[in-house]
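Colleague: Based on the hints, put chains B, C and D in the right spot on chain A.
Protein chains in written order, with our numbering: chain A, 19 to 171; chain B, 19 to 171; chain C, 19 to 171; chain D, 19 to 171.
It is worth saying that the hints were derived from the structure and are not from the lab.
Mixed in with the good hints, there may be bad ones.
You can't tell identical chains apart in this list, so a pair holds if it fits in one copy or across any two.
Okay, derived cross-link-like pairs now, EDC-like style, lysine to aspartate or glutamate, Cα gap no bigger than 16 Å in a straight line [said to hold, decoys possible]: (1) 68 x 94; (2) 158 x 104; (3) 141 x 67; (4) 71 x 94.
Protein chains: 4
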Amino acid sequence: MAYEFKMTRCVEFPDTDMAGIMHFTNFFRFMEAAEHAFHRSLGFSVNWEKADKSLGVGWPRVKAECEYKRPLRFEDEVEIHLLVREVGAKTMTYLFIFRKHEDGKPVEVARGSLTVVCVTKDKAAGGMKAVVIPAAIRAKIQVAPAELLPKGN
Amino acid sequence: MAYEFKMTRCVEFPDTDMAGIMHFTNFFRFMEAAEHAFHRSLGFSVNWEKADKSLGVGWPRVKAECEYKRPLRFEDEVEIHLLVREVGAKTMTYLFIFRKHEDGKPVEVARGSLTVVCVTKDKAAGGMKAVVIPAAIRAKIQVAPAELLPKGN
Amino acid sequence: MAYEFKMTRCVEFPDTDMAGIMHFTNFFRFMEAAEHAFHRSLGFSVNWEKADKSLGVGWPRVKAECEYKRPLRFEDEVEIHLLVREVGAKTMTYLFIFRKHEDGKPVEVARGSLTVVCVTKDKAAGGMKAVVIPAAIRAKIQVAPAELLPKGN
Amino acid sequence: MAYEFKMTRCVEFPDTDMAGIMHFTNFFRFMEAAEHAFHRSLGFSVNWEKADKSLGVGWPRVKAECEYKRPLRFEDEVEIHLLVREVGAKTMTYLFIFRKHEDGKPVEVARGSLTVVCVTKDKAAGGMKAVVIPAAIRAKIQVAPAELLPKGN
Numbered sequence: 019m020a021y022e023f024k025m026t027r028c029v030e031f032p033d034t035d036m037a038g039i040m041h042f043t044n045f046f047r048f049m050e051a052a053e054h055a056f057h058r059s060l061g062f063s064v065n066w067e068k069a070d071k072s073l074g075v076g077w078p079r080v081k082a083e084c085e086y087k088r089p090l091r092f093e094d095e096v097e098i099h100l101l102v103r104e105v106g107a108k109t110m111t112y113l114f115i116f117r118k119h120e121d122g123k124p125v126e127v128a129r130g131s132l133t134v135v136c137v138t139k140d141k142a143a144g145g146m147k148a149v150v151i152p153a154a155i156r157a158k159i160q161v162a163p164a165e166l167l168p169k170g171n
Numbered sequence: 019m020a021y022e023f024k025m026t027r028c029v030e031f032p033d034t035d036m037a038g039i040m041h042f043t044n045f046f047r048f049m050e051a052a053e054h055a056f057h058r059s060l061g062f063s064v065n066w067e068k069a070d071k072s073l074g075v076g077w078p079r080v081k082a083e084c085e086y087k088r089p090l091r092f093e094d095e096v097e098i099h100l101l102v103r104e105v106g107a108k109t110m111t112y113l114f115i116f117r118k119h120e121d122g123k124p125v126e127v128a129r130g131s132l133t134v135v136c137v138t139k140d141k142a143a144g145g146m147k148a149v150v151i152p153a154a155i156r157a158k159i160q161v162a163p164a165e166l167l168p169k170g171n
Numbered sequence: 019m020a021y022e023f024k025m026t027r028c029v030e031f032p033d034t035d036m037a038g039i040m041h042f043t044n045f046f047r048f049m050e051a052a053e054h055a056f057h058r059s060l061g062f063s064v065n066w067e068k069a070d071k072s073l074g075v076g077w078p079r080v081k082a083e084c085e086y087k088r089p090l091r092f093e094d095e096v097e098i099h100l101l102v103r104e105v106g107a108k109t110m111t112y113l114f115i116f117r118k119h120e121d122g123k124p125v126e127v128a129r130g131s132l133t134v135v136c137v138t139k140d141k142a143a144g145g146m147k148a149v150v151i152p153a154a155i156r157a158k159i160q161v162a163p164a165e166l167l168p169k170g171n
Numbered sequence: 019m020a021y022e023f024k025m026t027r028c029v030e031f032p033d034t035d036m037a038g039i040m041h042f043t044n045f046f047r048f049m050e051a052a053e054h055a056f057h058r059s060l061g062f063s064v065n066w067e068k069a070d071k072s073l074g075v076g077w078p079r080v081k082a083e084c085e086y087k088r089p090l091r092f093e094d095e096v097e098i099h100l101l102v103r104e105v106g107a108k109t110m111t112y113l114f115i116f117r118k119h120e121d122g123k124p125v126e127v128a129r130g131s132l133t134v135v136c137v138t139k140d141k142a143a144g145g146m147k148a149v150v151i152p153a154a155i156r157a158k159i160q161v162a163p164a165e166l167l168p169k170g171n
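One chain only, chain A, in its complex shape (with noise of 0.2 Å):
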């Protein structure tokens, strides 16, 4: 049972804009490589197309968001630890907490958090179809404990 997951990802020079930091909307492509690497680290895909590696399933996103504490900038190595907030029957929400250290201490830079959607292929219901989580992949996954997840957001 996992219930987080870490990985460090330098900022490329793509993801910087002409302020000289990282494009706010490259924490959330950060966020969705964090998540794809914990499915992996578990043995799973959330490419639906990949059926013994994803059970048929895919992960859409409902809801997204991200508050910016400080700025990445090109180079820097940022850790993104991925906390498993909430599960549901069909639905997951992870938190992201996004550190570089500054002076050898991990600062927080962000935090932010995605909730999905367990969904199968379905041409009648306009592509897809909310499912239950398949019960090899909820075997695995659990809630963080309550001390590691911060209250409010």
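Modeller: This is chains B, C and D only, laid out in the frame that chain A set:
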């Protein structure tokens, strides 16, 4: 005094992902495009390098969020409706409602918001410093009437 | 019979990078946007899922190139001039000339090309297979007159 | 003296498009990522703001090209092999060969190149000015042996 702005945008090929729908991060790009067009419509630029148009201020994001209701697909025409939800001394919050037309009727596909802070360049403060919104900008922007602003979100 | 297409596009904030100019990859996005708008102008879509508009074919790239002469900056208006350079049995090559206006005069800022191949879906062939350009499309597109096509590139 | 660099990269979800394959523009992002990692491997940064690491120079592109042979898909691991093809007084050209492993064998999926020019900031010259490559950088980079460089491209 302006409190809203509308623009229409076409979903382009690289806006889509392998699920066949617009990647969720691009809704944030569309919000920002509408915000910047709103400023241009008032005679301003968000580019703080153009001092005459920006009054020397920039507008980094402190919070971004989006709720997704229906997918957008390649070549969909989507209306982005910006509404000014809050104006503080140094910050503003915009609400964005995304609509496409189905069978001639507008259908809401997503709803988001951006909270931005007014800053000037300040090397001592690590690159930028929050400042009071310049009077000339403040004079042209007002909060949308309550009946236009959805409750809750 | 069409051999050219022009569109104007505004450089947006996330198109820029920390050097303060449009990131070089976005010129390729702009080329593709002009290519797709060219097809729409002829009544077609490059989306092979829309069989009535695409005649069931798609157009993956086999070659892309760009020469950069001057940078583009945020809010620059750039004209993208598409010219059909070659039409083969299964492939087409487009030339793109990017111009912006300085002091009222058009100035070339970049020049690129895309060579695309006409394909249909084919699971056996690993996803797609090159096919002869459908006659209905071929009938509407011709190579631009030699005097419009720069020599060399 | 270095003349090559290799890195491996995983195709991420937003790198793909509705055709189910990596969007062609991302090959250029991958080339640039390898170029920047190559500079870091030599102790340099391409960020001209970091004067100690960049020697005050930046490297805008003057030409970019790519030939596509096979598509890349979500979660494909691709090797990017950078080779220094030419070094002039003020410019350098890199060749990039993209390979993925199929049935244990490396298969070339694309091949590209970037020609970059060494510049310093120069407000009078419209932002930047071409300069001779600093000797400290030049001393660490050499052209790859002819047998490693494909003819033609």
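Colleague: Hint by hint, say whether it matches the structure.
Modeller: Structure-based check of all given hints:
For the homomeric pair residue 68 and residue 94, the shortest alpha-carbon distance between copies (13 Å) is at most 16 Å, but the shortest distance inside one copy (34 Å) is not. In the homo-oligomer, the alpha carbons of residue 158 and residue 104 lie at most 16 Å apart inside one protomer (14 Å), although the nearest pairing across protomers, at 42 Å, exceeds that limit. Within a single copy, residue 141 and residue 67 get their C-alpha atoms as close as 15 Å, and across copies as close as 13 Å, so both meet the 16 Å cut-off. Taking identical chains as interchangeable, the C-alpha atoms of residue 71 and residue 94 lie at most 16 Å apart only when they sit on different chains, with a minimum of 14 Å there against 33 Å within one chain.
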